[in-house]
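Undergrad: If you want the building blocks of each chain, they are given just below.
There are 4 protein chains.
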Amino acid sequence: MTQISTNSRIRELALNAPFIQQIGMEIIEIGSGWITCEIVIQPEKHHQQNGFIHAGVQATLADHAAGCAAATVADSHITVLTVEFKINLLRPAIGERLTCRADVLKAGRSITVVESNVWAWQAEQSKLVSKATVTIANVTQ
Amino acid sequence: MTQISTNSRIRELALNAPFIQQIGMEIIEIGSGWITCEIVIQPEKHHQQNGFIHAGVQATLADHAAGCAAATVADSHITVLTVEFKINLLRPAIGERLTCRADVLKAGRSITVVESNVWAWQAEQSKLVSKATVTIANVTQ
Amino acid sequence: MTQISTNSRIRELALNAPFIQQIGMEIIEIGSGWITCEIVIQPEKHHQQNGFIHAGVQATLADHAAGCAAATVADSHITVLTVEFKINLLRPAIGERLTCRADVLKAGRSITVVESNVWAWQAEQSKLVSKATVTIANVTQ
Amino acid sequence: MTQISTNSRIRELALNAPFIQQIGMEIIEIGSGWITCEIVIQPEKHHQQNGFIHAGVQATLADHAAGCAAATVADSHITVLTVEFKINLLRPAIGERLTCRADVLKAGRSITVVESNVWAWQAEQSKLVSKATVTIANVTQ
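Protein chains in written order, with the working numbering: chain A, -9 to 131; chain B, -9 to 131; chain C, -9 to 131; chain D, -9 to 131.
One thing to keep in mind: the hints can contain errors.
Said to hold, decoys possible - In silico DMTMM-like links for lysine to aspartate or glutamate, alpha-carbon gap of 25 angstroms or less:
hint, chain 1, residue 1, chain 2, residue 2
1, C, Lys35, D, Glu16
2, D, Lys35, D, Glu86
3, C, Lys96, C, Glu2
4, C, Lys35, C, Glu16
5, C, Lys35, C, Asp65
6, B, Lys96, C, Glu114
7, D, Lys35, C, Glu86
8, A, Lys96, D, Glu34
9, C, Lys96, B, Asp93
10, C, Lys35, D, Glu86
11, C, Lys96, B, Glu114
12, A, Lys35, A, Glu2
13, A, Lys35, B, Glu2
14, D, Lys117, D, Glu34
15, D, Lys35, D, Asp65
Note that these hints are calculated values from the structure, not bench results.
Could you put together the complete structure from these sequences and hints?
TA: Okay, structure coming up:
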C-alpha cells in the first residue's frame, strides 16, 4: 500500500466521523506511526463554564488522533477501536487553537498503544495542556 | 447550605458550559455525592464514522458528570477541576441515548475521586458501555 | 471444564508466580468471573518509608487478582496478560492485611476488563484503600 | 537547599521503604525533575509464572521512581503521595535488569504529574517494556 493511499484512508477515517466534524478537528500532517491534528477554538462551542477549553474537547482530540496514528501502521482491512484511554489535564487549556501530536508507542498485532500530547496556542505561544495514553484494538472486519 | 441551593449551583455548573450545551447533556437527578445525566443521541452529531457513539461523547459525559458529583460534596466556594480520568470503552455504544451515573468514591479535602458509569439505551434496553475513574482537584478560588 | 478444574488452574496461575509468593498473596475464594485474595502484612516487608502499605503492594495484588478473575471466564488454553491498569490510591493503607476482590466487568473474546477493589483491615474494620481497572488480553498459546 | 542535601533526602525517601528494599530498587542518578533507578532481576523473586518479570515489579518501580522525581522539585517539608497511576505493559519484560527513568511533566503547587518509562535489559540490549503516568499529591506535613 502506498503512503498516498494510506493517507487518504486515514483522512477518511479521521474526518468522516460526525462528532469530529462537529468538534471541528482537522488533520495537519500524517506520517507512519504519527499524526498531527488541530481544532480552532470557538469559545461559544468548546469552552467549559470558566473560560477554559473543556476536558472533553481535549479528550476527543487525543483519542481520535490516537486512533488515526494507530491506523497508519495497521493493514487496510483492520478497524481500530479504542479500548481505553487515560488523560492527564496538566494545566488550564486557554487559547485560540489546540494541536495534538499522536505517536505510536508500540504497534502490536492485536493491540496498539499510542501517546497523544495536546498543546494550547495563544498568541503563537504553545503550552502542553494534556497528555493521554490510548490502548487501541486492531479488529479484523 | 440547603440541598436546593446546592442543586441550583450544580445545575449552573453542569449546564452553563458551552461544550456541554453543544453536546446536549441534561441532568436527570442530583443527590449528595452523585448525579445522573443524559444525552439524547443525534447520529449526525454524536456518532463516529462506523455508526457507534463516539468515545469522545462518552468521555465528555463521564468527566462532566464526575465534576458535578464532586461538586455536590464540596463547599460552595470550591471550584472542581479534573486532574485526570481513565475510561474503558467496554462495548460498542449504540442507541438513542446515553445515561451516566457518577458516584463519589472518596471525597477528600483537596482531591475527590469519582466513578462514572455510562449506559447506552436502545428500545428501552440498557447496556453498560463505558466506565471511568476521575480524579478531581478541589481548588479554593 | 468443571468448576473444580478451573479452580485448580486458577490456583496454579495465582500462586506459582515467584513475585506473588514473595509478596505473600493467598486466594480466599474463587467464583466464575471473580476472585478474592489476601496479603497478610509484614511491616518490615510491605511498608513504604512512612508506615503505610506501599502502593506497589496494592497494585500487585489488584493486577494479579484481576488476571485470575479474567482466567476464570477464559478457556483453559488461553493465557491472560495484563495490557494496562490504572489504580487510584484512595486513602493511606494501614492495617494487618489487605484483601482484594476482582470482578470481571466485561469478558470479551480478545479483551477482558476487570475491576479490583482493595481493602485494608485493622482490628476487624476494613477500609477501601484502592481501586483499579485492569485491561487483560486473552492470548491463544 | 543545595543539590547535595536534596539528593540525600531523595535517597533516604527512595531507599528507606521496606518494600523497595525487598524488591531491590537502587538509584542510578538524580537530577532536578528526574531520577533513574534500577532493579537487578532475580527470577526466583521477580518473575511471574511464565518467566516474564511481573507487572507488579514494573509498577512498583515506575511508581516509586515517580515519587522520587516529584520530590526532587518539591520543598523539603512536603511529603509526596501517589494519588493514582496508570501503566501500559507494552511487551513481555524479559532480562537481567529493569531500569526506569521518571521525568516530571508538570510540577504544580499541590499536584505533580510524572511520566515513568521502564526498560528491560538483556545482553546489553534494552527494550521499553512499560510506561506509566503518575499523579502525585504534594502534602504539607
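Undergrad: A separate judgement is required for each hint: does it hold in the structure or not?
TA: Consistency of the hints with the structure:
1. Lys35/C x Glu16/D: Distance of about 16 angstroms is within 25 angstroms: holds.
2. Lys35/D x Glu86/D: Distance ~12 angstroms between Lys35/D and Glu86/D Cα, so the pair holds.
3. Lys96/C x Glu2/C: holds, 23 angstroms
4. Lys35/C x Glu16/C: Cα-Cα ~16 angstroms, so holds.
5. Lys35/C x Asp65/C: Roughly 36 angstroms between the alpha carbons, so the hint for Lys35/C and Asp65/C is violated.
6. Lys96/B x Glu114/C: Measuring from Cα to Cα gives roughly 21 angstroms; hence the hint holds.
7. Lys35/D x Glu86/C: holds, 23 angstroms
8. Lys96/A x Glu34/D: violated, 29 angstroms
9. Lys96/C x Asp93/B: Between Lys96/C and Asp93/B the Cα gap is close to 20 angstroms, so the pair holds against 25 angstroms.
10. Lys35/C x Glu86/D: Satisfied, since the Cα-Cα distance of roughly 23 angstroms is no more than 25 angstroms.
11. Lys96/C x Glu114/B: holds, 21 angstroms
12. Lys35/A x Glu2/A: Since the Cα atoms of Lys35/A and Glu2/A sit roughly 24 angstroms apart, the hinted pair holds (cutoff 25 angstroms).
13. Lys35/A x Glu2/B: holds, 17 angstroms
14. Lys117/D x Glu34/D: holds, 22 angstroms
15. Lys35/D x Asp65/D: violated, 36 angstroms
In this structure, the hints that do not hold are numbers 5, 8 and 15, in rising order.
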